[in-house]
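Note that the protein sequences, when read in sequence, are chains A and B. Under the numbering used here, think of the first position of the first sequence as 444, with each following residue one higher. Under the numbering used here, think of the first position of the second sequence as 470, with each following residue one higher.
The hints are simulated quantities; they were obtained by calculation from the structure and are not laboratory data. These numbers were taken from a predicted model, which means no experiment stands behind them. Careful: at least some of the hints might be erroneous.
[To be verified] Each computed SDA-like pair below joins lysine to any residue, with the alpha-carbon atoms no more than 20 Å apart:
1. A:Lys-444 to A:Asn-461
2. A:Lys-485 to B:Gly-509
3. A:Lys-546 to B:Phe-529
4. A:Lys-546 to B:Ala-556
5. A:Lys-546 to A:Asp-470
6. A:Lys-485 to B:Thr-580
7. A:Lys-511 to B:Ala-507
8. A:Lys-546 to B:Ala-507
Here are the chains, one letter per residue:
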Amino acid sequence: KQEVTQIPAALSVPEGENLVLNCSFTDSAIYNLQWFRQDPGKGLTSLLLIQSSQREQTSGRLNASLDKSSGRSTLYIAASQPGDSATYLCAVRESGYALNFGKGTSLLVTP
Amino acid sequence: ETGVTQSPTHLIKTRGQQVTLRCSSQSGHNTVSWYQQALGQGPQFIFQYYREEENGRGNFPPRFSGLQFPNYSSELNVNALELDDSALYLCASTTQGERTEQYFGPGTRLTVT
């Protein structure tokens, strides 16, 4: 049974810092991995989608990498801003249709 | 292009009652999934609909049921509500295929008292 783990559970950094969020999964037989952002009490905003054949994806200040063989993905946020404060979730897509989510990393960027 | 919408935003129900939540898929998407997110947890997959048929289900009892309509909008129905059903319910739409990106709506917050 696939298990998705995100470390750390919570993170507080001063504005301007570069930071890395980690996601690990136990079964490497995935189709893709998706990173989401969730503001308190709100829905999920898709940030990046990495297919299993890809190594990384970039969007603006965000860069996500995927090492399928070791069951790891990282989300790198450059030059963090207070507006980046949110919970970040990673999810893997296996055979079938469901996304399997981690519990998320709660990020606070202080001015 | 319109995004995924859900209604209502918030809902309060009493234990034992029934509830219907609604979702309108993003334009061009023919597949809809429903997820339950308890406080402090990641979303858990309930089921998925494609061409008005359920084609995947997570570990949820039969009192969780759904419908998908010809215009690809969808409903989630929960019977005999329990206190543990209190959660944020999220709808996601996509096109059929294993490698497609999923787009989520804003969610419906259900509170069962």
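Consistency of the hints with the structure:
1. Pair hint Lys-444 of chain A plus Asn-461 of chain A does not hold up; C-alpha atoms about 33 Å apart against a cutoff of 20 Å.
2. Taken as a hint, the Lys-485 of chain A and Gly-509 of chain B pair is honoured in the structure, with Cα atoms around 13 Å apart against an allowance of 20 Å.
3. A C-alpha spacing of about 19 Å is found between Lys-546 of chain A and Phe-529 of chain B, which places the hinted pair at or below 20 Å, so the restraint holds.
4. Between Lys-546 of chain A and Ala-556 of chain B the alpha-carbon distance is near 15 Å, which keeps this suggested pair within the 20 Å criterion.
5. In summary, the hint linking Lys-546 of chain A to Asp-470 of chain A is supported, as the alpha carbons are separated by about 17 Å, within the 20 Å threshold.
6. For a cut-off of 20 Å, the pair hint linking Lys-485 of chain A to Thr-580 of chain B stands: about 15 Å separates their Cα positions.
7. A C-alpha spacing of about 28 Å is found between Lys-511 of chain A and Ala-507 of chain B, which places the hinted pair above 20 Å, so the restraint is violated.
8. Of the supplied pair hints, the one linking Lys-546 of chain A and Ala-507 of chain B holds, its CA atoms being roughly 10 Å apart against a limit of 20 Å.
Checked against the numbered hints given earlier, the structure breaks hints 1 and 7 and satisfies all the rest.
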